[in-house]
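First to last, the sequence lines map onto chains A and B.
According to my numbering, the first sequence is numbered sequentially starting from 4.
According to my numbering, the second sequence is numbered sequentially starting from 54.
Keep in mind the hints are simulated off the structure, nothing from the lab.
Careful, some of the hints might be misleading.
Claimed, not checked - Among chain A residues calculated to face chain B with C-beta under 10 Å, some are:
hint, residue
1, 58
2, 63
3, 98
4, 100
5, 112
6, 127
7, 206
We put the beta carbon where it would ideally sit given N, CA and C, even for glycine.
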Amino acid sequence: MKTAPAVASARGTLAVRIENLCRHYRMGETVIRAVDGVSVEIRAGEFVALLGSSGSGKSSVLNLIAGLDRPTSGSVVVQDRDLAKLSREDLAKYRLHVVGMVFQSFNLIASMTLAENVELPLRFAEVDRSQRGNLAREALEHVGLRARMNHRPSELSGGEQQRAALARALINRPQLLLADEPTGNLDSHTGTEIMNMVREFNHELGMTVVMVTHERALAERYAQRMIFLADGKLIDDRTNSDRINNDRANAAAAADPREPGGRP
Amino acid sequence: MKISDLTELALRNLRESVLRNSLTTVGISVGVASLVAMLSLGTGLQQLLSQRLAKSGLFDTVFVSSRRDLRGGMGREEERKGPTPGESRVLDEPARQEMERLPNVSEAYPDIRFATELRYEDKPHLTMISALPLSAKSNDAFDGMQGNFFSSDTGAEVILQKSFAEELLGKTPPLGAAEPNVAELAKPLLGKELTMRYAQRQAAPSTQPSLREKDTSVADDGVESAAYSVVSREQKLRIVGVSDLDPETMRGPTRAKVFLPLGLAESLHIMQPTDLREISRAATDQPVYSSVSVRVKNPAQVQAVEDAIKKMGFNTFSILDASNSLRQVFRVLYAFLGIFGSLALTVASIGIVNTLVMAILERRREIGIMKAIGASDGDIKKLFFAEAGAMGILGGIVGVVLGWAIGQIINFGTNIWLKSQSLPTEHFWVVPLWLVVFSIVFAFFVSLVSGLYPAARAARLDPVQALRYE
């Protein structure tokens, strides 16, 4: 597998196709159907929210799309790759080059500085040291953390840590950004800040975004499409007209800077 | 991941829990130190022994004996294949000359060796006497000698070994006491005269001696009878030297303590045990030797010369044979020392396994993160290998230094003791370069093997589970 192209494939083509996806866990005698026959298609450049209460299977679906887990049956096809059929090695390459991930608990490595955390995927991709430094600086610049690149995660606020995690997710220029409750550990102000960045990636870099959340309001505000899960089954899949209207308003605001409520 | 990145990450991880990893590394160091200690003791002892053998000046000498000498029957290959002792060749003057003409031989001289009585200040002393060629002067054993070596090959002179000098002076020290200084022993003796009594062999005038040539066939009907008489004689000898070391260390109980010049000894026609054996077989008053020493120009040629002499029909023995079997003994000793030395390293390697398994538990989440952002199983595996290897190399280097230091201390200690016993100092503990390299490589290898299980376990970790873990 070659390094992913810098910009995602053309908008509107199929990015992720999930077909009759099942993920069952065995807990002693009982079988838990975390994901139970989900079929969904996600187009390139879409911003999709996976909604549901805890235990609904939304995180399991995200892990399956991320290639962190393998389905019990069914398939996840990302850009013509059937993840279930990839070897462990190829799945790691897929995670490295195609997917960027952010988590609720940031998941930065505590013993490394921000710059080291951000450039870690480049080490796995065997990118030269000199290039790595530049790319990491650039990515941190993008999220406004250039000045703090030599700090350790524990020296930063939650919002800053999540921004660093976004920079790390961005560094390999993935086509697919997967976010698991990205604002779950943040106050509403910093949460908004993070979500605006995610939306910016979606808009400007054309990244397909799949976000897991249990906050409907957040989904309504940012996602173009909302998929509802309960007990591992898909119960609703709707286009978010509010968000689309918002986008139109934002576009107008961008055209006329005096209009209030413009894009921050 | 690139090697440089792996090394960097591994060292960073080792620094993160510095106490635990240092303790594990110290464990490896102790293991390597014990290995180095054991093997360098083995090397030191071997070198010490080889040096001693080399000092004896006998490395370039082949001892030749007749196969007729039944005492030497050791059932060796060539003895079983060759002619029976009765048929085999006599070790006589023509045979000696033939050996001297062999390529790479500098000289071949008979071993004249007999027990007899020496009188000094009218007191008799029974001792073993042997004859030395002038070339023996270069033997290291005469390095610390008081007085001089023989002035000529036929001079009526004698050199005493220190212990015999003690006996003449009545100064034999009790066992275990410090040996007296050789210079003090020599002072009253040098230039003094000794009287040697010996048995001289004289051809009996009644029979014509017939010189036998190479033909050793005994199926000879016309056996000529030969006879000689044995006469007791005396010879005055002047003491010219007292040697500190023992030139015949290798000889064991038959070693001589008094030495005559070879030419003189030959001219005296001293009766030897072999004469009696040969008279029953052949009529000759030509000397027959019990053994001949053949000096080879270069120790590397010893084997070739030995083979040539064996072809002539004689038994040979050289230090080469002895050092071959000695080397075998040392190989076994080495293996044993190595096994004992490795035991500590084995224990240390279990320490590595323990440390790394602990590290997996601690860094579970970190491994999960790495996998989530694109690390392959191989990357994680290599990272743990790199950590194990780094501990191995560090432990190896520290261990070699530690082992070397222990050796120096022991050398120092034993030499203090040796000095207090007024014995010459020795180097028991030798750490050769190959041992340094071998120990570090071995420690590295053992560490990698110890890393196998933890690395595989870390690589197999399920990222979803690992990320859930707090």
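Indices of hints not satisfied (ascending): Hint check: 1, 7 fail, others pass.
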